[in-house]
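Asks: Okay, here's what each chain looks like letter by letter:
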Amino acid sequence: QKEVEQDPGPLSVPEGAIVSLNCTYSNSAFQYFMWYRQYSRKGPELLMYTYSSGNKEDGRFTAQVDKSSKYISLFIRDSQPSDSATYLCAMRGVGSNFGNEKLTFGTGTRLTIIP
Amino acid sequence: GAVVSQHPSRVICKSGTSVKIECRSLDFQATTMFWYRQFPKQSLMLMATSNEGSKATYEQGVEKDKFLINHASLTLSTLTVTSAHPEDSSFYICSAKRQGNQPQHFGDGTRLSIL
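Protein sequences appear in the order of chains F and L.
Just so it is clear: in the first sequence, position 44 is 44 by the numbering used here, and no numbers are missing.
Just so it is clear: in the second sequence, position 53 is 53 by the numbering used here, and no numbers are missing.
Simulated from the structure, these hints should not be mistaken for laboratory data.
Treat the hints with care, since some could be wrong.
Chain F is faced by these chain L residues, among others (derived, beta-carbon under 8 Å) [said to hold, decoys possible]:
{"#": "1", "residue": "S5"}
{"#": "2", "residue": "H7"}
{"#": "3", "residue": "Q29"}
{"#": "4", "residue": "S43"}
{"#": "5", "residue": "L46"}
{"#": "6", "residue": "T49"}
{"#": "7", "residue": "F106"}
{"#": "8", "residue": "D108"}
{"#": "9", "residue": "R111"}
From the structure, some residues in chain L lie toward chain F, with a derived Cβ separation under 7 Å [as the list claims (entries may be wrong)]:
{"#": "10", "residue": "T32"}
{"#": "11", "residue": "L44"}
{"#": "12", "residue": "I93"}
{"#": "13", "residue": "P103"}
Values in this document were obtained by computation on a predicted structure and should not be read as measured data.
Note that beta-carbon positions come from the ideal geometry of N, C-alpha and C, so glycine has one too.
Only chain L is shown next, with the shape it has when bound in the complex:
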């Protein structure tokens, strides 16, 4: 199996709050994890790629100081949205893959709403 667990599934908070989202690979070691953002009726937009023990690599246009990514172990990566504002409201999805030419397995996403 290849199960990826993402928590929380839903967050509603006030503007200015920092929000942490966890992504765990439950039954495999994930050497690489990815964070995506998805707008309604659109495909996934890659935000950053992280390898265990290394700094994340961010896609062009994604603010590193806004979206902090930590990949401290082979089974856990976190995304922290710092000082969130209404424009950060979105569906955030993580994925994880084993080493080598393996597919990405996705979590069930976190719906973030900033009031």
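Chain F with its partners taken away, still in its complex shape:
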């Protein structure tokens, strides 16, 4: 079993729909959770960075973390064709020692927003 599970998709939704992307994980030491967006042939771009459980909103994006269920989500409201990309979840433990600096990534979900 992988430490982080993420459905690779592909996921296609019509423009304007709400998109829900999810990851589950097994390591209870993970405390920091990130969502990155990666366009083809580009590096990942940080969308959301959250600590522990709870919700965080930034514009059309909302990140949710449920540590009791080991489940994180990213919601995209009013989806646009420009949101078409691969979305990667990533997570790590606390502290600055070497082991906790490393990120564990999901496989990424390929999302297409249909105009």
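Based on these hints, arrange chain L on the given structure of chain F.
Replies: Just chain L, lined up with the frame of chain F:
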């Protein structure tokens, strides 16, 4: 902001050539930088972690003599692929982070093709 610049974006060269890739944090001091490799339609694979002024720590299976990493300043890390061969062809991505519990910010990657 947290801008990471990576150069070059594309390299095509003959087998046996050594190739240097630069990663710069433009608007912050990066105490830690990371180098990843990404195969098509796959997630990122961490190659090594480097702290400014220290030797890089390589992941299992990554050849230190093949992939030379230098992190000489708080804004610059370099990856040199020595005597590159076709099997080294890949998408290489760097990331950088500030000290403490901060997220990683990624460069736009370097597409390396060895003929």
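Asks: None of the hints should be skipped; say for each whether it holds.
Replies: Comparing the hints with the structure gives:
1. The interface hint given for S5 of chain L is broken, as the beta carbon of that residue sits about 10 Å from the closest beta carbon of chain F, more than 8 Å.
2. Checking H7 of chain L against chain F: minimum C-beta separation of about 12 Å lies over 8 Å; hint violated.
3. Checking Q29 of chain L against chain F by beta carbon gives a least distance of about 14 Å; that is not within 8 Å, so the hint is violated.
4. Interface hint at S43 of chain L: satisfied, since its Cβ lies 5 Å from the closest Cβ of chain F, which is below the 8 Å cut-off.
5. Hint status for L46 of chain L: holds, given a least beta-carbon distance of 6 Å to chain F, under 8 Å.
6. At its closest, the beta carbon of T49 of chain L sits 6 Å from a beta carbon of chain F; the interface hint therefore holds under the 8 Å criterion.
7. Hint status for F106 of chain L: holds, given a least beta-carbon distance of 4 Å to chain F, under 8 Å.
8. The criterion of a C-beta within 8 Å of any C-beta in chain F is met by D108 of chain L, whose closest approach is roughly 5 Å, and the hint holds.
9. Interface restraint check: R111 of chain L against chain F, minimum CB-CB distance 7 Å, threshold 8 Å, status holds.
10. Below 7 Å, beta-carbon pairs count as interface contacts, and T32 of chain L has one with chain F at about 6 Å; its hint therefore holds.
11. Residue-level restraint check for L44 of chain L holds (minimum Cβ-Cβ distance to chain F is 6 Å; threshold 7 Å).
12. Interface hint at I93 of chain L: satisfied, since its Cβ lies 5 Å from the closest Cβ of chain F, which is below the 7 Å cut-off.
13. Hint status for P103 of chain L: holds, given a least beta-carbon distance of 4 Å to chain F, under 7 Å.
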